[in-house]
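Student: Okay, here's what each chain looks like letter by letter:
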Amino acid sequence: MLAGRGRNKIRPPRRGLGNNDNIDFDSMWAELASSLRDIHNKNASQLSFEALYRNAYKLVLKKRGEILYERVKEFEEEWLANEVQPQILDVLSPSLLLASTGGNTITTANEKRAAGEKLLRALKQAWEDHKLCMNMTTDVLMYMDRVYCKDFRKPSIFTASMGQFRDYVLRTPLQPDPDHQISIAQVLNAVILDQVRMDREGDIIDKSLLKSCVYMLEGLYETEEEEEHLKLYLTSFEPEFLRASEEFYRHEGSTLLLDADAGTFCKHAKRRLSEEEDRCRSTLSPLTLGKIKLVIETELIKNHLREVIALEGSGVKYMIDNDRISELEMMYDLSARVDPKKEELKKAVQARILEQGNNVNNATVAATQAPPRPFAPNGGKSEEEKAPEKPINLQTYAAINWVDAVLRLKDKYDTFFIQAFQSDQGLQTAFTRSFTDFINAFERSSEYLSLFFDENMKKGIKGKTENEVDELLDKGITLLRYIQDKDMFERYYKKHLSRRLLMKRSISMDAERQMISKMKMEVGNTFTQRIEAMFKDMAVSDDITAQYKRHVAQLGDPDPKRAEIEVHVLTSTMWPLEAMAPSYNEGEDRPKCIFPSQIERIKQGFEKFYLDKHSGRQLTWQANMGTADIRAYFPEMKGAKKTRELNVSTYAMVILLLFNDLPPGQCITCEEIQAQTNIPFNELTRNLQSLAVANKTRILIKEPMSKDVKPTDRFFFNDSFYSQFQKIKIGVITSGNKVEDSTERSETEKKNNDTRGGVIEAAVVRIMKQRKELAHQKLIAEVIQQLTARFMPDVNMVKKRIESLIEREYLERIEERDPPAYRYLA
Amino acid sequence: MNTTPPSPYVTLISSDGFEFIISRDAACVAGTVKKMLDPQSNFAEAISGVCTLGTINGVVLEKVCEYLYYNLKHRDAKDVPDMEIPPELCLELLMAADYLHV
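Sequences listed follow chains A and B, in order. Count the first sequence with UniProt numbering and you get residues 1 to 826, in order. Count the second sequence with UniProt numbering and you get residues 1 to 102, in order.
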């Protein structure tokens, strides 16, 4: 660019410096050297920077840079060796020397400390002076650095002199004995470590002094290249520091474990961590932060965590039991530091959950077994009949208590989970597993949970707001999530639900629907299909009843004596009929109840009406599930009105209607009743009990008067019955939902197993149809995977089902195949 | 030492005795002058605020000062206009620049 416009001649530079071309190096160096000495003696204000700079400039220009460089280095070397080093050695007291060689010192802590601080101060001073002087020297020799050092790839004079400081001040051997080489640097390390230890023990130290010495170490490097990882701090000081810390914390950990409880331990560990963090920030280098934390984590936490968690009377168990959320939080924090999976903590908490869960289970079992059976051995057959009402309620009560207890437990751990464990995913799965474990360990959990819902649907949700109901149901659903045998639950739930629906015991249909939809979300569509079908049946039945009423009205047969009828037509596959009729066995026809003529007429009327509408269906009357409203006339009733409306079971109605035909004062025996009505004996006795034994609803009088009903007992109509209520509900004894006794239970289980068998077979066929050929292990795995949402299939059962499918030629074994495999036969 | 803040102006003196009084900021654009005036190092120049530059004559130093201001003005700007440099001064200016570490 310049050349382009170069019409004018370029003026050659005036030879301003050329006049003394043959500069005298020695005289110029002498001048420089004396100036450098002045600089080191802090006399710089007399010196002209420009003059010095010009000198150096000229020297470098005249190719004397190398000599200048060497001379300056020599000068610095001399200065450090002769002036600085002795100063440091002066303040080095013998006690410090001894301490750093590991000898036992008898000096008191104070002396040691004073000596240490003196050394630190002297070093700091020397370092700062050196740095300042070197900065100035470098400034003056800037031209040399810029031109000579760059050209010849020498470290700048500053770096070089820093290296000299390291070698001549810090690395000076203090003792002539070559075996015990010990340098100031080592003493320095020892002193710093000592100070840090004092700090840890709570003494007050001069942090800024330490910091400046650490700065010095950070400013010095092992080599002239000044690589980051070769800082003296990292190479010589840090390892020692970490080692000392390790030792310190190891010791502290074991003493703490002996003296303190877990909470204190956590607090202490936490405090130590933040202390070290502070220390790294304020006293040492931030570079060490991660490493020292690691030391604490391993020495103080990791190595002791297990013991701390298990500490008797203050460990995790104690914290859980006493809701020490903040301590648990610390515990979690510490565990998270050393182990991302938090195994120990997880284990401890899981163990506690299991323990508490099993306690609940055992308490419930104990509660259900506690009530002593009043007639133990000789009750004979009748004993079952009079299975005392109280224990049954107690059992129901126990079931609900169990659910409550589990929910409480769940609540508690949820609180911990959110407040103390930072909603940790891993812990959540662990919790869930523990809950699943103990809930499924309790074999009645499905039944109890269903009972819990039943109870709430019948009574619990009365007077609760929608939100409260919602919350309650949600809680229940959470438990359902834990239950593995969901089909079992479904069975019980259906049973309880059917009772609720048929007897109109449910308080709120909205709540029922809500429940279903929640279950649907939780377990899936197939699960609730049948339950929904039950609801549908109910709705359809209402329609049919209404239609039938209209139909009767159209017939125009206003018979005042005619009873009204309300029918529930239930799809037999959807409803747990066997649950409604406990004594009903397969293959054995249920004894048909003989209805009184006026009822029979209505029944037939409806049958005709229904079958006209839906041909090809079969109606079976389940009299045991119904209720009836009858108006009874009591001639000797006190008060104005002598009629009362009685709400009784269908059987009771049938029984009472028998007395209609009886002349007053006549009696009828139990056997006769049975003969005339064909009501199953156990149902009969139960109904008679509620009619004749229960105090408030004694419509009949029994002879002899006793609690039990025997076939030979005679019954009279109680003319003198009195009740102040107009409407009276006569419940059949034990008609409420109750815990099953063991025979019922095993029957349920058997039924359930049968269903499961079917479900398993279906699954096997489904899978095989798709795959055509599959190895045995894989098949089993897939079956289990498909079915776990409903229940945990038993492997043996799956095997048996496969066998049976082979027998029925759905599948065949593939010959000569290892591992064994099956083929689907279309 | 002197605790009062240093004067915002400094004096540059050329080899042939011309004095240029320029702002400290501008002077410090030149590395050498900056170090020279560094209050930490306490050289005579830092205390007095006067720099005698024995290798640069008045004509060149004038141009140098012009450049220092020019540099300061356009420090962060883009697309700066070129500075007029008489070709006859080029070489001497280059040497001065090397010396002053501009």
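Careful, some of the hints might be misleading.
Only part of the chain A face toward chain B is listed, based on derived beta-carbon distances under 10 Å [to be verified]: (1) Q46; (2) Y57; (3) M136; (4) T138; (5) D139; (6) N753.
Since the hints were derived computationally from the structure, they do not count as laboratory data. Idealized CB from N, CA, C, for every residue including glycine.
Student: Hints first: check each against the structure and report whether it holds.
Tutor: We went through each hint and held it up to the structure:
1. Contact between Q46(A) and chain B, as hinted, is supported at the beta carbon level, the nearest pair being about 6 Å apart and thus within 10 Å.
2. At its closest, the beta carbon of Y57(A) sits 6 Å from a beta carbon of chain B; the interface hint therefore holds under the 10 Å criterion.
3. Residue-level restraint check for M136(A) holds (minimum Cβ-Cβ distance to chain B is 4 Å; threshold 10 Å).
4. Of the supplied interface hints, the one on T138(A) holds, with its beta-carbon coming within about 9 Å of a beta-carbon of chain B, less than 10 Å.
5. A cut of 10 Å between beta carbons decides the hint on D139(A): the least distance to chain B is about 4 Å, and the hint holds.
6. About 85 Å separates the beta-carbon of N753(A) from the nearest beta-carbon of chain B, more than 10 Å, and the hint is not met.
Of the numbered hints listed earlier, the single one contradicted by the structure is hint 6.
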